[in-house]
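Undergrad: Here is how the chains run, residue by residue.
There are 2 protein chains.
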Amino acid sequence: MRAGKLKNLERHLGLYFITDNSFAHSYIELAEMALKAGVRVIQFREKRMSTKEMLESAREIRRLTEDYGAIFVVNDRLDIALASDADGVHVGQDDMPPKVVRDIAGDLILGVSVRNVEEALVAERDGADYLGAGPVFTTSTKEDAGDAIGVAGLTEIVKAAKIPVVAIGGINHSNAQSVLETGCTGIAVISAIAANNDPKKSAEKLLEIVRSFKKI
Amino acid sequence: MRAGKLKNLERHLGLYFITDNSFAHSYIELAEMALKAGVRVIQFREKRMSTKEMLESAREIRRLTEDYGAIFVVNDRLDIALASDADGVHVGQDDMPPKVVRDIAGDLILGVSVRNVEEALVAERDGADYLGAGPVFTTSTKEDAGDAIGVAGLTEIVKAAKIPVVAIGGINHSNAQSVLETGCTGIAVISAIAANNDPKKSAEKLLEIVRSFKKI
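Heads up: the protein sequence lines correspond to chains A and B, in order. The numbers in the numbering used here rise by one with no breaks, and the one at position 44 of the first sequence is 44. The numbers in the numbering used here rise by one with no breaks, and the one at position 32 of the second sequence is 32.
Hints are computed from structural coordinates only; laboratory data are not their basis. The model shown is predicted, which means the values in this text are computed figures rather than measured ones. A few of these clues could be false.
The list treats identical chains as one, so a pair stands whether inside a single copy or across any two.
Claimed, not checked - Simulated crosslink set (DMTMM-like; lysine to aspartate or glutamate; CA at most 20 angstroms straight-line):
{"hint": "1", "residue 1": "Lys162", "residue 2": "Asp94"}
{"hint": "2", "residue 1": "Lys159", "residue 2": "Glu60"}
{"hint": "3", "residue 1": "Lys47", "residue 2": "Glu118"}
{"hint": "4", "residue 1": "Lys47", "residue 2": "Glu29"}
{"hint": "5", "residue 1": "Lys99", "residue 2": "Glu56"}
{"hint": "6", "residue 1": "Lys215", "residue 2": "Asp107"}
{"hint": "7", "residue 1": "Lys52", "residue 2": "Asp85"}
{"hint": "8", "residue 1": "Lys99", "residue 2": "Asp198"}
{"hint": "9", "residue 1": "Lys52", "residue 2": "Asp126"}
{"hint": "10", "residue 1": "Lys214", "residue 2": "Asp85"}
{"hint": "11", "residue 1": "Lys205", "residue 2": "Asp94"}
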């Protein structure tokens, strides 16, 4: 599975949507609007639900992403990724170490959140398939914690990394261009899609910006 | 692994300790005192830590239980069970469904929390190796949620189940005998050990009671 998915990974990473329940729509509604707009990577990030509920939501998103030929990634929870037949799992620095994920689930796409070049190189060495680098800008949502690394910090990571780098944290229509100019593979967003009055249209506009930089 | 562990499972289930951090001692300290007393099943139950911290604690308890030839079970989190090389995973009705656990990790010992005969038979059919039945008594700790099933409810489950039944919920030195008279395989406790001034001594006394019913 991994080899096949990895083939399209870099292209699909252009716009990476992390679906959330905290806004006016459910996970599923938001995921579907993003997919309809053309987004081809959806991450499910959830900390509050019971494992059973989490699995049910993950499986719904799995079915939906399957319909659109999109990549489905579960945040943090390898158990949910395995049980929902996700394509990948994304781990932060406080989650399961990448090496451990690789040992247990060798064929999952593995994303790792990094804040600097050092973390990026460690993640790469430990088997990451792509990096989530940020937070690029400060953000009030959960896109990422900690101090913003800025476009400058992102640029350093993009230069140092051999694997795709997805920028994350406070990215929206106004600043997406400056972020993509760093040469990063793509941008990850939550609120720029989820908190918009028209999530589908918002995703389409972001995709237009991304397409002015690369074929996705 | 599972076949070997299952051989001793029924005997070891006599006194089942669920380790907790909420009292005067750490997980590790409590687990070690219980093991020194002779307990041979330790469950790690934790909901608040990050996945990384959870894995570190689980691995510490894994090493410790290994030293004592004891069975190590992780509550709810199959990812932590797999990554810490636990012997088993214990799931509640709001956790990952037993069938799904079996599909992903066929060689783990699988425990399932049940409140009544119906849930017990479903869990058995879906591949459980043992049942955690309760809460037998009401309890202020997290030993189990919901209304107490009483000794009567426990008795029904013990009669209906073909696999070992561990009673849980508010069990202590005063009521352990009445619980064991139902014919259950063993008793599971948190606070009767963890909240005691002398956890090791408390575990020894509970083991004495269990030994008056069965060879463990």
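Undergrad: All the hints need checking, so say for each whether the structure fits it.
TA: The hints, checked one at a time:
no., hint, verdict
1, Lys162 with Asp94, "neither (23 angstroms within a copy, 41 angstroms between copies)"
2, Lys159 with Glu60, "neither (37 angstroms within a copy, 38 angstroms between copies)"
3, Lys47 with Glu118, "neither (27 angstroms within a copy, 30 angstroms between copies)"
4, Lys47 with Glu29, "within (19 angstroms within a copy, 28 angstroms between copies)"
5, Lys99 with Glu56, "between (27 angstroms within a copy, 14 angstroms between copies)"
6, Lys215 with Asp107, "neither (26 angstroms within a copy, 45 angstroms between copies)"
7, Lys52 with Asp85, "within (15 angstroms within a copy, 22 angstroms between copies)"
8, Lys99 with Asp198, "neither (39 angstroms within a copy, 40 angstroms between copies)"
9, Lys52 with Asp126, "between (30 angstroms within a copy, 15 angstroms between copies)"
10, Lys214 with Asp85, "neither (29 angstroms within a copy, 43 angstroms between copies)"
11, Lys205 with Asp94, "neither (33 angstroms within a copy, 40 angstroms between copies)"
Hint compliance for this structure: hints 1, 2, 3, 6, 8, 10, 11 are not met, and every other hint is.
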